[in-house]
Amino acid sequence: MGTIAVERPVLGGVTEARRRVAGSVALVLVLLAAVVVSLAVGARALTPAEVWRGLSAAPDPDQRLTEIRLIVRTVRVPRTVLAVVAGVALGVGGALIQGYTRNPIADTGLLGVNSGASFAVVLVIALFGFADPFQYVWFAFLGAAVAGVVVFGLASIGRGAGNPLTLALAGQGVTVFLAATTTAVALSDKASLNALRFWNAGSVAGVGFDVIGPVIAFIAVGLVLALIALPALNLLNLGDDVARGLGVNIVLSRTVGIAAVTLLAGAATAACGPIAFLGLMVAHTARYLTGPDYRWLVPYAGLLGAIVLLVCDIAGRLLVRPGELDAGVVVALLGAPFFAALVWRGKFRSA
Amino acid sequence: MTGTEVKAPVTPGVRLGPVSFVWRPWVVCVTLLLAAATFLVFCVSIGVGDFPIGLSRVMATVVGGGEQVDQFVIMDLRMPRALAGLVVGVALGVSGAITQSIARNPLASPDILGITGGAGAVAVFLVTVSGGTAAAVVDSVGLSGAALAGGLGTGLLVYFLAWRRGIDGFRLILIGISVSAVMEAVTTWLLVTADIRDVARAQAWLVGSLDNRSWDDVGVALWCTLVLMAVVTVVAFQFKPLHLGDDVAAGLGVRYTRVRAVLLLCAVLLAGVAVSAAGPVPFVALVAPQVAMRLAKCPTPPMAASGAVGALLLIGADLVARTALPITLPVGVVTAVIGGPFLIHLLVRANLR
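Chain order of the listed sequences is A and B.
Here the first sequence is numbered in the working numbering, starting from 32 and rising by one per residue.
Here the second sequence is numbered in the working numbering, starting from 36 and rising by one per residue.
Simulated from the structure, these hints should not be mistaken for laboratory data.
Only a predicted model underlies this, so the values are computations on that prediction, with no experimental measurement involved.
Beta carbons: idealized from backbone N, C-alpha and C, even for Gly.
Hints are supplied without guarantee of correctness; some may be wrong.
Using C-beta positions, here's what the derived DEER-type ranges look like [to be verified]:
# : chain 1 : residue 1 : chain 2 : residue 2 : range
1 : B       : H380      : A       : P79       : 56 to 62 Å
2 : B       : L261      : A       : D272      : 51 to 57 Å
3 : B       : W198      : A       : F165      : 45 to 51 Å
4 : B       : V164      : A       : D241      : 31 to 37 Å
5 : B       : W198      : A       : T46       : 39 to 45 Å
6 : B       : D230      : A       : R49       : 54 to 60 Å
7 : A       : G270      : B       : D233      : 52 to 58 Å
8 : A       : A251      : B       : H380      : 34 to 40 Å
To be clear about the criterion: a stretch of chain A counts as covered by chain B if any three or more of its residues have a C-beta under 8 Å from a C-beta of chain B, and this derived list gives those stretches [as the list claims (entries may be wrong)]:
#  : segment
9  : 53-63
10 : 172-180
11 : 215-229
12 : 259-267
Just so you have them, the derived chain A footprint on chain B, three or more residues with Cβ under 8 Å [unchecked claim]:
#  : segment
13 : 213-221
14 : 250-257
15 : 358-365
Assemble the whole structure, with the sequences as input and the hints as a guide.
In structure tokens, the structure reads:
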């Protein structure tokens, strides 16, 4: 989007900054509340006190406490941690990709990372018979990263580099191609078909710390790169020529930014499966809350991403009891109307 | 062009009563050549199989003659499949040409406008949820009929959601993307909760396939397509000025809202018919109009040529899917494998020019 990041007038500057700080503190508090609820809610509902006792290290002979401890530590905590981490990654990734492409409909899902990851997962299951997420998360990440780089590379060839539609088209082309090959493999191998349908729904459940560990490492690197890329992003949004005039190394800062997006989206997708619309949704909400300054917008988007993913996961546990709705499905059910409302209110103009 | 000289129109017009159009020999030539090529591939496709039949014998049988054995194999066994490919290809090509013209955007194909997604969601629901109402629905209208209704309903939903004092192409695409996403989310969830045997069936349907078509399947699709094509042919003459933009079209006396609504409805129905007959075969509706546009050297997708390219593409892809690969794949996999790189090729070429 051609939003131009202009510093607010100095007069309003102090209150504006105060408002943004207060807003981020409020978001952190909401996130903490969501974490507590996430630890407590589920097939077996726990009180906050029980959650606390389950988390605390003190030994207890009581049989019932052991059960609570088991639930909290092996099910609820990994799930909550993954939702927070993946939510931050997708939120930051979504805000960055919108910034770099100046494209209001950009979403990390558009970069083809989802299809790249599913293809890699299905392929290694069919070829090597991997069954454990710990084995295929690396390949999912690799597939996501390769697809992301290919799509972005295709979108930056020649004249069309600045055109929002170019990225969408490149993403669509790669996605459909990979989705077809994925289906071809899945249809000829029942094990991969079975794994694919669960992975495809986008879920933060059922993944242990052996998977979450490496994912967090990738996401941490992605966040550091995002931090490095942020200051230049405001200038890039003034247009390439202006940014160049102000001393920005355009190629370098784009590369760093896209590397960050690929790491963030790729790692989150590898662990949770494809979760569409989250980045898009929170990037727009963050812009509404903070204005166009990316130094504020991106952290806000990260916090919002964690909150939304966590809340969607909790909602999925409650909505269709005794079954569960995967977080990715809830996000899509929430995100699509949100997106339609944005469209309907005329937020996007044709390029 | 450097000067400001004005050229006289090089293409003469033709007027037949109330209907007038520009006579473009090149477009007609291309369309006829495409139709001939489609017929050839159609016959080759019929001839290939466990009991191979030579091209000349196929042609003789198709036009009405031929030996008894050939007649049985061709008319009873192979014709439905090939004809389904033909009908679905034409329907998808024309549907894509209409949606791309209305949205003035090559991205706008029935896949993206949610029509195939809606049909898919309904079909998967009926396949995976056994018993009760679902079974009753399948018994009465069949899976194809239900899928058609799903596609039509989704198409109408997208149209009404995108309506805001008129239809804007960009808004139509974006609303379509979001409605598709909801349908996909529902489909995914259904697949997660379903039995693995149903999943395999649903997945095979979802990718688009021409396997096991009978005359019953083809008949309905064939008649629907013929009727819709007739409507499109009549309305399309009104449609040309729409490329000039709403205001110009209105100034030229076209009641653009009504014309566009009718055409869009036809496009949705054509896509729905195609999906109900073969499942959501991806990319044909997107690729065929773009190829036809380039071959015919038109500024916008030509309807007839798009239909011909669609049929050629689908029958050709089915032929490849059946014969060229070690395992037999559904035709949808092949069209996607062709379509993805084609889209990228379009993109790269457009950018490098």
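- Query: Any hints this thing doesn't respect? Which numbers, in order?
  - Reply: Violated hints (numbers, rising): 9, 10, 12, 14; every other hint is consistent with the structure.
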